[in-house]
Amino acid sequence: MNKKTQAIANQLAVQSTVNSIMDLAMVNRGVVYFVIRYSSHIEGLHITVSAVADEFETAEPRVVLEEYVDLAGEEALCELLLVEDKLIELIAGVKASQGVEVKS
Numbered sequence: 001m002n003k004k005t006q007a008i009a010n011q012l013a014v015q016s017t018v019n020s021i022m023d024l025a026m027v028n029r030g031v032v033y034f035v036i037r038y039s040s041h042i043e044g045l046h047i048t049v050s051a052v053a054d055e056f057e058t059a060e061p062r063v064v065l066e067e068y069v070d071l072a073g074e075e076a077l078c079e080l081l082l083v084e085d086k087l088i089e090l091i092a093g094v095k096a097s098q099g100v101e102v103k104s
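Number 70 in the numbering used here belongs to position 70 of the sequence shown; there are no gaps in the numbering.
Worth flagging that the hints you see were computed from the coordinates, not collected in a lab.
Note that beta-carbon positions come from the ideal geometry of N, C-alpha and C, so glycine has one too.
Some hints could be false.
What the hints assert, rightly or not - With a Cα cut of at most 16 Å, we get these calculated EDC-like pairs of lysine to aspartate or glutamate:
1. LYS86 / ASP23
2. LYS86 / GLU66
3. LYS3 / GLU66
4. LYS4 / GLU66
5. LYS86 / GLU67
Unchecked claim - Now the in silico label distances, taken between C-beta atoms and shown as ranges:
6. GLY99 / GLN11: 38 to 48 Å
7. GLU89 / ASN10: 16 to 26 Å
8. SER20 / GLU66: 10 to 20 Å
9. ILE8 / PRO61: 35 to 45 Å
10. ASN10 / GLU60: 30 to 40 Å
Use the sequences and the hints to build the structure in full.
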């Protein structure tokens with residue numbers, strides 16, 4: 001595979017992983033609170049995950065995970081995959097503590 005083709009394939013994999021993280025956030029919105037910000041001018045993705053609180057509007061959210069990935073960086077795909085793994089583990093842990101069956 002030439003360098004141009006490899007760069008395009010890597011970019012598509014990065015985009016796919018970002019979409020996968022967004023899917024995790026949407027599917028698990030009742031498990032933990034996600035705030036995901038994409039900054040196009042710096043090609044960055046900032047992910048903040050907070051514990052679910054009964055009174056989110058009045059209580060200070062307890063951040064349980066905060067990550068930033070430079071999507072233009074050479075290691076962007078690797079970093080995104082690590083963040084995705086952390087999110088999956090975090091969600092599974094919360095579901096297990098709530099007595100929700102976690103499917104593998």
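Evaluate the given range 38 to 48 Å for the C-beta pair formed by GLY99 and GLN11. At 41 Å between Cβs, range holds.
Verdict for ASN10, GLU60 (Cβ pair) under range 30 to 40 Å: Check passed, 39 Å falls within 30 to 40 Å.
Quick one, are LYS86 and ASP23 close enough, alpha carbons at most 16 Å? Given pair LYS86, ASP23 holds - Cα atoms ~15 Å apart, limit 16 Å.
Given the hint that LYS86 pairs with GLU66, test it: the Cα-Cα distance must not exceed 16 Å. Since the Cα atoms of LYS86 and GLU66 sit roughly 10 Å apart, the hinted pair holds (cutoff 16 Å).
Can the suggested window of 10 to 20 Å be confirmed for the beta-carbon pair SER20 and GLU66? With a Cβ separation near 19 Å, SER20 and GLU66 satisfy 10 to 20 Å, so the hint holds.
Falls inside 16 to 26 Å, the C-beta gap from GLU89 to ASN10? About 25 Å separates the Cβ atoms of GLU89 and ASN10, which means 16 to 26 Å holds.
Taken at face value, is the distance from the CA of GLU66 to the CA of LYS3 at most 16 Å? At roughly 33 Å apart (the allowed maximum being 16 Å), GLU66 and LYS3 break the hint.
Pair hint outcome, LYS86 versus GLU67 [Cα-Cα no greater than 16 Å]: The given pair, whose Cα atoms are some 10 Å apart, holds under the 16 Å limit.
Is the hinted pair LYS4 and GLU66 satisfied, with a Cα-Cα distance of at most 16 Å? violated, 33 Å
Honestly, do ILE8 and PRO61 meet the 35 to 45 Å range at C-beta? holds, 38 Å
Checked against the numbered hints above, the structure breaks hints 3 and 4 and satisfies the rest.
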